[in-house]
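Student: Residues per chain, in single letters:
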Amino acid sequence: MSGRKKVTGAVAMAASASLALAACGGGTGGPQTGGESKLSNDKVIIGLLNDQSGVYKDLSGPNSAVAIQMAIDDYKAKYGNDAVAKTIEIVQADHQNKPDVANTKAQEMYDRQNADIILDVPTSSAALAVATQAKAKKKLFIDIGAATTALTGASCNKYTFHWAYDTYMLAHGTGAATVKNGGKTWSIVYPDYAFGQDMNKSFTTAVEGAGGKIVQSIPTPFPNDNFSTFITKAAADNPDVVGIMAAGGDLINFVKQYNQAGMQDKATLAVGLMFITDIHSLGVEQFSGTQFTDAWYWNFDDENRKWADRFTEKTKTRPSFAHAGNYSAALQYLEAVQAAGTDAADAVVAKLEGKKVNDVFLRNGEIRAADHRVLHDSYLAKVKTKDQVKEDWDYQEILTTIPAAEAFGPVSDACKM
Amino acid sequence: MSAFIQYTLQGLAAGGFYAVSALGLAVIFGVLGVVNFSHGAVYMLGAVLAAVLLAELNVNFWLALVIVPIIMFGFGVLMERALVRWLLQLDPLYNFLLTFGLTLVLVEAVKQRYGVSGLPYQIPPGLGGQVTVGSVGLPTYAIFACLFSVVVCVAVGLLLTRTRIGMIVRAATEAPERTRALGINVGRWVTPVFGFGIALAGLAGVLAAPSRAITAEMGSNFVIILFAVVVIGGLGSILGAVVAGFLVGLVEAYGVAYAPAYAQIVIFIMMALVILVRPAGLFGREEIA
Amino acid sequence: MTDQQLTARTDVDLAQPSILSRRSPWRYVLLLAGLAVLVLLPYQIYPPVAMDILCWGLFAISIDLLLGFTGLLSFGHAAFWGGSAYATGIIAIKTGVPFPLAVLGGAVFAMVIAVPIGYLSVRRTGIYFAMVTLAFAQMLFFIVNQWRSLTGGENGLQNIPKNFFGVEAVETDSFYFYYAGAGVILVGILIAWRVVNSPFGRVLTAIRDNPARARALGYDVERYKIVAFVISAGLAGLAGGVFSISHSFASLQEVGWTTSGKVVLITVLGGIGTLWGGLVGAGVVVYLEDYLASAGISGIAMITGAIFVLIVLLFRHGIWGTARNLVREQVIERRNRPHR
Numbered sequence: 001m002s003g004r005k006k007v008t009g010a011v012a013m014a015a016s017a018s019l020a021l022a023a024c025g026g027g028t029g030g031p032q033t034g035g036e037s038k039l040s041n042d043k044v045i046i047g048l049l050n051d052q053s054g055v056y057k058d059l060s061g062p063n064s065a066v067a068i069q070m071a072i073d074d075y076k077a078k079y080g081n082d083a084v085a086k087t088i089e090i091v092q093a094d095h096q097n098k099p100d101v102a103n104t105k106a107q108e109m110y111d112r113q114n115a116d117i118i119l120d121v122p123t124s125s126a127a128l129a130v131a132t133q134a135k136a137k138k139k140l141f142i143d144i145g146a147a148t149t150a151l152t153g154a155s156c157n158k159y160t161f162h163w164a165y166d167t168y169m170l171a172h173g174t175g176a177a178t179v180k181n182g183g184k185t186w187s188i189v190y191p192d193y194a195f196g197q198d199m200n201k202s203f204t205t206a207v208e209g210a211g212g213k214i215v216q217s218i219p220t221p222f223p224n225d226n227f228s229t230f231i232t233k234a235a236a237d238n239p240d241v242v243g244i245m246a247a248g249g250d251l252i253n254f255v256k257q258y259n260q261a262g263m264q265d266k267a268t269l270a271v272g273l274m275f276i277t278d279i280h281s282l283g284v285e286q287f288s289g290t291q292f293t294d295a296w297y298w299n300f301d302d303e304n305r306k307w308a309d310r311f312t313e314k315t316k317t318r319p320s321f322a323h324a325g326n327y328s329a330a331l332q333y334l335e336a337v338q339a340a341g342t343d344a345a346d347a348v349v350a351k352l353e354g355k356k357v358n359d360v361f362l363r364n365g366e367i368r369a370a371d372h373r374v375l376h377d378s379y380l381a382k383v384k385t386k387d388q389v390k391e392d393w394d395y396q397e398i399l400t401t402i403p404a405a406e407a408f409g410p411v412s413d414a415c416k417m
Numbered sequence: 001m002s003a004f005i006q007y008t009l010q011g012l013a014a015g016g017f018y019a020v021s022a023l024g025l026a027v028i029f030g031v032l033g034v035v036n037f038s039h040g041a042v043y044m045l046g047a048v049l050a051a052v053l054l055a056e057l058n059v060n061f062w063l064a065l066v067i068v069p070i071i072m073f074g075f076g077v078l079m080e081r082a083l084v085r086w087l088l089q090l091d092p093l094y095n096f097l098l099t100f101g102l103t104l105v106l107v108e109a110v111k112q113r114y115g116v117s118g119l120p121y122q123i124p125p126g127l128g129g130q131v132t133v134g135s136v137g138l139p140t141y142a143i144f145a146c147l148f149s150v151v152v153c154v155a156v157g158l159l160l161t162r163t164r165i166g167m168i169v170r171a172a173t174e175a176p177e178r179t180r181a182l183g184i185n186v187g188r189w190v191t192p193v194f195g196f197g198i199a200l201a202g203l204a205g206v207l208a209a210p211s212r213a214i215t216a217e218m219g220s221n222f223v224i225i226l227f228a229v230v231v232i233g234g235l236g237s238i239l240g241a242v243v244a245g246f247l248v249g250l251v252e253a254y255g256v257a258y259a260p261a262y263a264q265i266v267i268f269i270m271m272a273l274v275i276l277v278r279p280a281g282l283f284g285r286e287e288i289a
Numbered sequence: 001m002t003d004q005q006l007t008a009r010t011d012v013d014l015a016q017p018s019i020l021s022r023r024s025p026w027r028y029v030l031l032l033a034g035l036a037v038l039v040l041l042p043y044q045i046y047p048p049v050a051m052d053i054l055c056w057g058l059f060a061i062s063i064d065l066l067l068g069f070t071g072l073l074s075f076g077h078a079a080f081w082g083g084s085a086y087a088t089g090i091i092a093i094k095t096g097v098p099f100p101l102a103v104l105g106g107a108v109f110a111m112v113i114a115v116p117i118g119y120l121s122v123r124r125t126g127i128y129f130a131m132v133t134l135a136f137a138q139m140l141f142f143i144v145n146q147w148r149s150l151t152g153g154e155n156g157l158q159n160i161p162k163n164f165f166g167v168e169a170v171e172t173d174s175f176y177f178y179y180a181g182a183g184v185i186l187v188g189i190l191i192a193w194r195v196v197n198s199p200f201g202r203v204l205t206a207i208r209d210n211p212a213r214a215r216a217l218g219y220d221v222e223r224y225k226i227v228a229f230v231i232s233a234g235l236a237g238l239a240g241g242v243f244s245i246s247h248s249f250a251s252l253q254e255v256g257w258t259t260s261g262k263v264v265l266i267t268v269l270g271g272i273g274t275l276w277g278g279l280v281g282a283g284v285v286v287y288l289e290d291y292l293a294s295a296g297i298s299g300i301a302m303i304t305g306a307i308f309v310l311i312v313l314l315f316r317h318g319i320w321g322t323a324r325n326l327v328r329e330q331v332i333e334r335r336n337r338p339h340r
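Residue numbers (the numbering used here), protein chains in the order written: chain P, 1 to 417; chain Z, 1 to 289; chain B, 1 to 340.
These aren't lab readings, by the way, just hints derived from the structure by calculation.
These numbers were taken from a predicted model, which means no experiment stands behind them.
Be a bit skeptical, because a hint or two may be false.
To be verified - Restricting the straight-line Cα-Cα distance to at most 27 Å, the calculated cross-link-like pairs of lysine-lysine (BS3-like) are: (1) P:137 to B:162; (2) B:162 to P:135; (3) Z:111 to P:316.
What the hints assert, rightly or not - Distance windows between CB atoms, simulated: (4) P:208 to Z:269: 33 to 39 Å; (5) P:38 to B:165: 37 to 43 Å; (6) B:95 to Z:81: 57 to 63 Å; (7) Z:86 to P:154: 52 to 58 Å; (8) B:329 to Z:63: 54 to 60 Å; (9) B:310 to P:79: 51 to 57 Å; (10) Z:60 to B:310: 36 to 42 Å; (11) P:78 to Z:259: 56 to 62 Å; (12) B:296 to Z:269: 42 to 48 Å; (13) B:310 to P:417: 49 to 55 Å; (14) Z:86 to B:40: 35 to 41 Å.
Glycine is no exception: its CB is placed at the ideal position from the N, C-alpha and C atoms.
For reference, chain P alone in the conformation it holds in the complex (with noise of 0.2 Å):
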């Protein structure tokens, strides 16, 4: 059988020559750095990194791109001939909601597309993942889609930044403001995993500081699209809240039956995290009178307003908070970037910390040094009837301005930087 062992023979040798090979090492190879130019590659290069094709291509998507762009703009508008990033590319893929996708392609755009930022990466799970990579790689991430407080806790780095909203802000808006509205009794729904659970946290933390009760918590599993029997659970008592913590397709459903079961007269729905996508594709009558805390609303005043109309111009839809959020971030970005002279990202960062900031969407917003969590003013919604409605995605009433001292919480212990 000396065929056999030959091959075998063969084999063998290739393998340890690899192992061999690889624990050599040595050689050149690994990141170019900056060499002579101010700038990485003579450019900075502004990845996009979220759901193009999912539950969130609407809410951020490829019209972030837009926004994007209009940042760009308007940054060489302002500088001219003195801006320091004449070169400004944008990279955009897809991560499909997925947090594994969201690692891979975090990493290939900071190493293979030579990103110097990546943006927006919405769905917790796929945030944490970008947040790795980015201190790993040592290149700034601002994060807009996302909920999760981890990002400022526990996953807190130098290089990442928590732009627009998370859980808390969202709990301590909808839950203390709805507490104050008379809503004091409430039953919590919320699915079974970390998202869910973190806001079912929140939010009985905020209801019961603000004199509220919680009369039940009901888990929920993770997806689902069957949520009769828990509606049925939650009405039981008859609370003057239900409190949905479910997100996307599960609200959508969520909200279909518990219209269906007769709720919608029987108890205020307060729903954890809302989009004014959700209110689109379900159809305003379904979500009439639900109350929610947004991070931007498109015409809830006329600066807003004209920015909508520029963003509606180029994209025939009116934008999101997420949509104006990327502006933001990357507006805010290039004026680091030009404060500091380079791309580098240990500069850009001493740069943002601790800026306070007033644009289009951050109103008395502050990048806070401790945590890289940026306040802003937030706003509790609450969603108009079918006549109310004047035109196209004139969803939302603004009841109150939550002022950015209040909407967020405080550093939190888990955060080493």
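Since the structure of chain P is already known, use the hints to place chains Z and B on it.
Tutor: Below, chains Z and B without anything else, positioned relative to chain P:
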């Protein structure tokens, strides 16, 4: 107690969607020997069609209940003629994989065309709200869905027991060799039966449309549960598929109500137990090892 | 319909002895060509993607071991690939051992859970076997999802370290890591090759073709199937472990049924019963997905789905299988040509 009644009703309503779809799957497996992985995608297509017809052509729910299955029948015939029939002589593995690949195409095509945020579909007027029986409030639509599914299953059952084609289908399902030995040309019924099975899945989709989110992915987990249903009921048993469909719907509802952390797994444990203890399923024929 | 069909050969050539004689020089040419591709791959393809190709290739080989050589379609192999991905990651995070050891630990974990799963599953054949394996894989998915404190649940297992005896180039640069990982994968391929070309492998093909006869000849069919199943699980575990180290990440996707489906399709694409086809299939699928994604094309799943449909319809023997059949025809024709 009233909660229990509500859970039961909701379980039966969900079970109805499973039962009607599983009926289609079982019939297809029975007559063609094809394990149709795309059954979930077809269910999704039924729901999407209902939504699109409503939005574009103002076809209301009741009309959709008739039109969509007819369209899906045509789609099923097309599927069988163009794709499935070439592999019927081979190992069921190949058609299984073919339909798996087809599922990927269908789901992605819907995603590309209609996005993923879901299509709106309101409960048809007249079926909304609740019916109060004593102290228990039962969603009207759930009652309707449950009853309608039962009617469909009974109708199909009658079709299978009282008509000639039905007899052929049953014979081909339960004793294929003997049927052919008797000179019955099963072959010519293959295409319409396949179409019929697909139409049933589409019908289940229309039924589900008012109460579920209509998304491109709505069939993906549905088809895995369907497999569990058909295995529990007995692959190749038509009665088994129906009974198991309602049973799984109930188990899911109770599981979700009383032990939500384990709800997803109970169905699979049931399936594994059935396979290990009584592989032919509750109603299936004995497997020829 | 009985499920005899899955084990009966309705196609002519699943796994037959190679048409090339043992001493034929062509075997070595092919082998060297394959090794050359292996060594040069990361120069041509972004190294993490090249690593993925090898991992999925070994995963497909493990499926083929069961499907092409034993006649068992497992639709739940993600339990072993993914289970090992998590086990390897947890070992790497908690103990910091060099990654080949962590991967070995993952593979052992996969084999350990394969014993009860295999024991229970092999009592059934054909489509029932596929369903049972699917059920068990879903159960593992559930456990992984629920045991959040250990696995991270939805967030996945993040920040898995790449330790390799302190060699910094391997630990930080994916280009060098590829060679280290390839070494481990090659060991797996070697094992698969040895199993198939051994008396044990012959018994497996006998069981595949006619289990009743094998039993009549005195072979304990169930025992052989279980052993084959466990070996296959170990190889899938080896591949999954390298995968998770390479990505520094293990996610629920790795234990999901779509992963089980994808690897079966890769195996079919490469060619059932060819063993090496798995590597070719993985190369095509992984590269294609990467290429399309980088090109910014949306709807990639439509393209891969359509390709799968076409392959199943028209090229059932897969790429390697079709190529091999063509070569075989040529060789047979030449042999049968009358000598002058």
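Student: Each of the hints needs a verdict: does it hold here or not?
Tutor: These are the hints, each one checked on the structure:
no. : hint                       : result
1   : P:137 to B:162             : holds, 15 Å
2   : B:162 to P:135             : holds, 16 Å
3   : Z:111 to P:316             : holds, 20 Å
4   : P:208 to Z:269: 33 to 39 Å : holds, 38 Å
5   : P:38 to B:165: 37 to 43 Å  : holds, 39 Å
6   : B:95 to Z:81: 57 to 63 Å   : holds, 58 Å
7   : Z:86 to P:154: 52 to 58 Å  : holds, 55 Å
8   : B:329 to Z:63: 54 to 60 Å  : holds, 57 Å
9   : B:310 to P:79: 51 to 57 Å  : holds, 53 Å
10  : Z:60 to B:310: 36 to 42 Å  : holds, 39 Å
11  : P:78 to Z:259: 56 to 62 Å  : holds, 59 Å
12  : B:296 to Z:269: 42 to 48 Å : holds, 44 Å
13  : B:310 to P:417: 49 to 55 Å : holds, 53 Å
14  : Z:86 to B:40: 35 to 41 Å   : holds, 39 Å
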